[in-house]
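Trainee: Sequence:
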Amino acid sequence: MSNENKNKEQPVVETAVPSSHSLVMRAAGLVGVAVLLSRIVGLVREIVIRATLGTTTLPAEAYEIAARFPETIFLIIAGGAIGSAFIPTFATYFEQDDSEGGWRLFSNVINLVTVVVTAVSLLSILFAPNLVIWLADEKVAANPELLPLTVRLMRIMLLSPIIFGASGVIMGALNARQHFLLPSLAPTIYNVGIIAGGLLLAGNGPETVATGLAIGTVVGALGHFLVQLPGLRQKEARYTAVLSLRDPGVKQVMRLMSPRVLGLSFSEVNKFLIILLTDPMATGSLPALNSAFRLIIMPQGIIGQALGIAAFPTLASLAARGERDEMRQIFADSLRILLFLGMPFSVLFAVLAHPIVSFLFEWGLTGDEGITFVSFALLFYALGLVPLLALEVVARTFYALSDTLTPVLAGGVQIVIMWLLSLWFSQTVFPQQGWLPLGGLALGFSISNVIEVLLLLWLLRRKLGGIQGYSLLNGLWRMVVATLLMAGGIWWVQNWLTETAVLLQIIMAGGVGSVIYLFACAGLRLEELNRLWMYGRRRLNCPS
173 MSNENKNKEQ PVVETAVPSS HSLVMRAAGL VGVAVLLSRI VGLVREIVIR
223 ATLGTTTLPA EAYEIAARFP ETIFLIIAGG AIGSAFIPTF ATYFEQDDSE
273 GGWRLFSNVI NLVTVVVTAV SLLSILFAPN LVIWLADEKV AANPELLPLT
323 VRLMRIMLLS PIIFGASGVI MGALNARQHF LLPSLAPTIY NVGIIAGGLL
373 LAGNGPETVA TGLAIGTVVG ALGHFLVQLP GLRQKEARYT AVLSLRDPGV
423 KQVMRLMSPR VLGLSFSEVN KFLIILLTDP MATGSLPALN SAFRLIIMPQ
473 GIIGQALGIA AFPTLASLAA RGERDEMRQI FADSLRILLF LGMPFSVLFA
523 VLAHPIVSFL FEWGLTGDEG ITFVSFALLF YALGLVPLLA LEVVARTFYA
573 LSDTLTPVLA GGVQIVIMWL LSLWFSQTVF PQQGWLPLGG LALGFSISNV
623 IEVLLLLWLL RRKLGGIQGY SLLNGLWRMV VATLLMAGGI WWVQNWLTET
673 AVLLQIIMAG GVGSVIYLFA CAGLRLEELN RLWMYGRRRL NCPS
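Here the sequence shown is numbered in this note's numbering, starting from 173 and rising by one per residue.
Check the hints yourself; a few may be wrong.
Pair ranges (Cβ atoms, derived) [unchecked claim]: (1) Ala314 - Leu690: 48 to 56 Å; (2) Asn376 - Ile679: 49 to 57 Å; (3) Trp663 - Leu626: 51 to 59 Å; (4) Pro452 - Gly377: 33 to 41 Å; (5) Pro452 - Trp630: 31 to 39 Å; (6) Thr412 - Glu495: 31 to 39 Å; (7) Ile679 - Leu648: 23 to 31 Å; (8) Asn376 - Val687: 18 to 26 Å; (9) Leu415 - Glu317: 41 to 49 Å; (10) Trp649 - Thr412: 50 to 58 Å.
Please keep in mind that the hints were generated in silico from the structure rather than gathered at the bench. By construction, the Cβ of each residue, glycine as well, lies at the ideal position given by its N, Cα and C atoms.
Construct all of the structure, not just a fragment, from the sequences and the given hints.
Mentor: Rendered as C-alpha cells:
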C-alpha cells in the first residue's frame with residue numbers, strides 16, 4: 173500500500189512511476205479488506221475459545237501449549253520458502269516468458285514441502301509427550317493431568333501443517349501472479365473451521381471443547397487449501413509429479429530460503445521463550461499473553477501485512493530492474509502510511525486496554541483476574557505495535573533486494589535483547605513494583621522489536637543509498653504530536669466515563685481520540701491524511 177509521500181512541502185511522488193504506486197495501492201486495498209475480515213473472524217475465534225475454555229483452566233493451558241508446535245513447523249519449513257524465496261524465484265520464470273518452467277518449479281516446491289512437513293509432523297506425533305514435557309515441565313509436574321490432554325491435542329493439530337505446507341506454496345504462487353483475493357480469504361476459512369469445532373462441542377466440558385478446537389484446526393487448514401484451488405485454475409496452473417533437488421529453481425529457492433528459515437526460527441524461539449518464562453507464573457499467564465497478542469496482530473495484519481504483501485512483488489521487480497530511486501520512494505511512502513495508521517491503534521490499545529478486554533472477553537475469562545491478566549499484557553504489547561507493523565515492510569524490502577541474511581542477523585539481536593529484558597522485567601522489576609510478571613514479558617518483547625527495526629532501518633539506508641530519512645522524520649514528529657494529543661483526549665474521556673458501560677467508554681473515548689488525531693494531523697499538514705482521503709475518493713468514483 174505504497175501511498176505517495178512528500179519531502180518538505182513539495183510532492184516527490186510526481187517523479188515516480190504512477191503505475192507502480194497505483195498497483196501497490198490497489199493490491200493493498202484488496203488485501204487489507206480481506207485481512208480485516210480475517211482479523212474480525214479471528215477475534216470471534218478468540219472470543220469463542222475464551223468463552224468455552226476460559227483463561228485459567230487446565231484445558232486452556234493445554235490448548236495453548238499444544239497449538240504452538242504445529243504452527244512452528246509450518247512457519248519455519250513452509251513459511252520461509254514462500255515469504256522470501258519462492259515468490260521472486262517463481263516470478264522470474266514468467267518475466268522470462270517461461271510459464272512451463274514456472275509451474276514446474278511450483279510443482280517441485282509443493283511436493284518437496286509436503287514430503288518434508290509430513291516427515292517432521294509424523295516424528296513430532298511420535299515424540300509428542302517429550303515435546304510437551306520440554307515445553308512445560310513445571311506445569312506438568314504440578315498438574316500431571318495436563319500431560320495426556322496436551323499430548324492428545326498436539327497429535328491432532330500436527331496434521332494441519334501437512335495441509336498448510338501445500339496451501340502455503342499455492343498462496344505464494346497466486347500472490348506472485350498478482351492474484352491476492354483468494355489467498356487473503358484463506359485465513360478466514362481457517363478461523364471458521366476452529367470456531368465451528370469449538371461451538372459444535374460447546375457445553376460438553378472444557379476438555380471435550382479443547383478436542384473440538386483441535387479438530388477444527390485441521391478442518392480449517394483443509395478449507396485454507398481448498399478455497400485457493402479456483403485461483404490456480406484461473407491462472408492456468410499446471411501440476412506435474414516432479415521431485416528433484418537438482419532443479420536450478422529449487423536450488424535458488426533453497427539458497428534464499430536458508431537464512432529466512434533461520435529468521436523464522438528466531439521468531440518461533442521468541443514464542444517458546446514466552447512459554448518457558450510463563451511456566452513458573454500463575455496459571456492463566458500464557459493464555460492471557462496469547463489473547464493480548466492476538467488483539468495486537470489485528471492491526472498488524474490489516475495494515476502491515478496488507479501493505480507488505482502488496483508492495484513485495486513491486487519492490488522485487490524494481491530491484492531487479494535497478495530502479496533504486498523508485499524503490500526508495502515506494503518504501504518511504506509505505507512506511508509513512510504505516511506509521512500514520514499504526515500509531516493511533518497503538519494508543520487505543522494502550523489507553524483503552526481494560527475496557528477493550530472487558531468488552532470482548534468478559535464472559536470467557538475467569539472473573540476480574542482473567543480480565544486483568546489480558547489487559548495488563550495488552551498495555552505493554554501495544555507499545556511495540558508500530559515496530560511490528562514496520563517489520564512487515566522493512567524486512568520485505570531486504571527480501572526484494574535478494575538479501576535474506578540481514579533480517580536474520582537483526583532477528584538474532586532481537587531475540588537476545590528480548591530474553592535479557594524479559595528475564596529482568598518479569599523476575600525483578602515488575603515483582604518489585606507489585607506488578608504482574610507477564611507484563612514484563614510483553615514489555616521486553618516490545619522494546620526488543622523497537623531496537624530491531626531501528627537497526628534494520630540503519631542497515632537498509634546504507635544498502636539502498638538512503639531511505640528518504642528527512643521525509644520520514646518530518647512526518648514522524650507530526651504524527652507523534654498528534655498521537656500524544658489523541659492519548660490525552662482518550663484518557664480524559666475515559667476517566668470521565670469510568671462509571672459507564674465499557675462499550676460506551678470505548679466508543680466515546682475512541683471516537684473523541686480519533687477526531688483529535690485527525691484534526692491534529694490536518695492542522696500539522698500531514699500529507700498522508702490528504703493522500704488517503706484522495707485515494708478513497710478515487711476508489712469510490714472509479715469502482716473499477
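Trainee: May I ask you to test the hint 41 to 49 Å on the CB atoms belonging to Leu415 and Glu317?
Mentor: Given range 41 to 49 Å: holds, Cβ gap about 43 Å.
Trainee: Starting from the hint 23 to 31 Å, judge whether the C-beta atoms of Ile679 and Leu648 obey it.
Mentor: holds, 29 Å
Trainee: If I claimed the Cβ atoms of Thr412 and Glu495 lie 31 to 39 Å apart, would that claim hold in this structure?
Mentor: holds, 35 Å
Trainee: Measuring from beta carbon to beta carbon, are Pro452 and Gly377 in 33 to 41 Å?
Mentor: violated, 28 Å
Trainee: Take a look at whether the Cβ-Cβ distance between Pro452 and Trp630 falls inside 31 to 39 Å.
Mentor: This hint holds: roughly 37 Å between Cβ atoms.
Trainee: State, for the Cβ atoms of Asn376 and Val687, whether the hinted interval 18 to 26 Å holds or is violated.
Mentor: violated, 47 Å
Trainee: Between Trp649 and Thr412, does the C-beta distance stay in 50 to 58 Å?
Mentor: holds, 55 Å
Trainee: May I ask you to test the hint 51 to 59 Å on the CB atoms belonging to Trp663 and Leu626?
Mentor: violated, 27 Å
Trainee: Cβ-Cβ distance between Ala314 and Leu690: within 48 to 56 Å?
Mentor: Given range 48 to 56 Å: holds, Cβ gap about 51 Å.
Trainee: Check the following: the C-beta atoms of Asn376 and Ile679 are separated by a distance inside 49 to 57 Å.
Mentor: For Asn376 and Ile679 the Cβ distance comes to about 36 Å; the hint is violated.
The structure does not agree with the numbered hints 2, 3, 4, 8 stated previously, though it agrees with the rest.
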